[in-house]
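Given only the sequences and the hints, what does the whole structure look like? Please build it.
Protein chains: 2
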Amino acid sequence: MNELPATRPETDSQGAASLALRIAVIDNDSGFLQVLDKRLNRLGWEHRTLASPAPVDEVVAMRLSAIVIDLAILGPQAWEYLERLCAAMPGLGVVVCTGRSSVAQRVRGLRLGADDWLTKPCHPEELIARIEAVIRRRREIDDRRSAGPLEAGELVIRNDHFQAFVDGRSVELTRREFELIELLANADGRVLEREDIYQRVWGYAMVRGDRSVDVFVRKLRHKLEAASPNWSYIHTHFGVGYRFAAELREGADIVPDAPPADFVADKADEKAPLEA
Amino acid sequence: MNELPATRPETDSQGAASLALRIAVIDNDSGFLQVLDKRLNRLGWEHRTLASPAPVDEVVAMRLSAIVIDLAILGPQAWEYLERLCAAMPGLGVVVCTGRSSVAQRVRGLRLGADDWLTKPCHPEELIARIEAVIRRRREIDDRRSAGPLEAGELVIRNDHFQAFVDGRSVELTRREFELIELLANADGRVLEREDIYQRVWGYAMVRGDRSVDVFVRKLRHKLEAASPNWSYIHTHFGVGYRFAAELREGADIVPDAPPADFVADKADEKAPLEA
DNA sequence: CCCACCGATCACAAGATCTTCACAGCTATT
DNA sequence: AATAGCTGTGAAGATCTTGTGATCGGTGGG
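Chains as they are written, first to last, in the working numbering: chain A, 1 to 276; chain B, 1 to 276.
Derived contacts from chain A toward chain B, CB cut-off under 10 Å, selection only:
no., residue
1, Arg108
2, Glu125
3, Glu126
4, Ala129
5, Arg130
6, Val134
7, Arg136
8, Arg137
9, Asn159
10, Arg176
11, Phe178
Just so you know, the hints here were simulated from the structure itself, not pulled from any lab data. Owing to the predicted nature of the structure, the values given are computational and were not obtained by experimental measurement. Beta carbons: idealized from backbone N, C-alpha and C, even for Gly.
Shown next, in the form of structure tokens:
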């Protein structure tokens, strides 16, 4: 079995509700950066520090959730940079974290599009809390909209429709079925254990002996096979759990003239949907 | 018909540009309030000051864009109050403006849902700028959908008239009905969950078991079908919510004119419960 | 004051979905 | 090869969701 996930690396997430936040810090105060860095690592946020301002285009390309800027290192074009940045990414959270400033400067920064302004020296924990607050709203809104469709084999999994499609046709997944396949498909080809799956899809701990995950995997397989007979998507790892990967079914590659002709045809006709 | 400009300030502007923001200030520092009051008047923001905290329900009923709170006057229940308020109105901008505080307190407030924390004494202008920054994002989202008339199928949805039309005739939607269809239609074909819909149309968090969204969807469907019988616009996604898309009803092909008599109207409206 | 309209809730019915169970088939291990 | 432990399968009953019609205050106009 190959391990190459057909999924999109940039939308990786631990689970449906998990937050893979991505932020950048434009600053050159090494002491501050060091502390912040450690703290961000512990939180598991992807982050990047830049000692000098990157062109707005590059920042846009980073797909950030938020950015922290010390205006001091921007020099005289600080305001202009701030303005262009905010204009270019209306959904980006911008926190200015800089040295002493006047009320007028703070007001100016905020009016130009900054979401918060924090004066150094400041406690990293407060900066983090403010970043979170800034991101909070953006997430509420942008979350669903931004998650693009995920493709694997003939399957297209669309968050915005709560549904999977094959060749433009809906696979008619129920909500739980969708949540399950979305979780699996986003796992980047990793094997997920039943307890994990249950915890993330059902939202609470699985009791020993619960077969719900198995049952839903079966339903999923059934619907997926009906919609996309030549591919298999969910693979069992005995004693462990399940793994998602789009794989061409054996013998389905070419026309069924090979030995398993009857077997294949038999399977292909088996697509009786369970509803009328 | 009628337009009460009284309710949601974010969406019910006549022109998209000058929205009357509505905010409340919970504080009892008369000097501060006086200055702020004057400043807010000049800006043309609707505002109201409360010397003591109003029950969360009442605050919800005010349909605010943002609220400024001095935690000091809330006494020991300050944190709890803040938390309940933020939970009840996820879309509300909350700015804490209070006296001296520790980093831990600020972090706690922000984590509970506050959007910003400002320490008194502060310049009113900075407070205003921060309120604006907090509200800004929410505005951007709503503005996105306040563009020109939106067309789908036979339907024309006009923000400027607060009404939908079919073939030039008004569909006679009530205010809520219009807000609902406007929200759905601007969702760009996405499925919206009930909680989302409720939050954005009613302005505060939906309590479990509330059927308002369903009831209004039914009313909408009824009126839309009366006005545009050959199209279906609102589609149910079981266990999830609703999705807007103009789709020709089965059996009701083109021919916007006289249907050829009897056998047209037999079973054209067999509603598929799930589709996409 | 009466009336038409609107929005909030409720209760009920019809479906759709989820959970659970028993059993069959399969896998790794002794 | 035999066994204990997992996993696949099908179905029935329980539970949850949604569609629908009706009721009840509140409001504003006549």
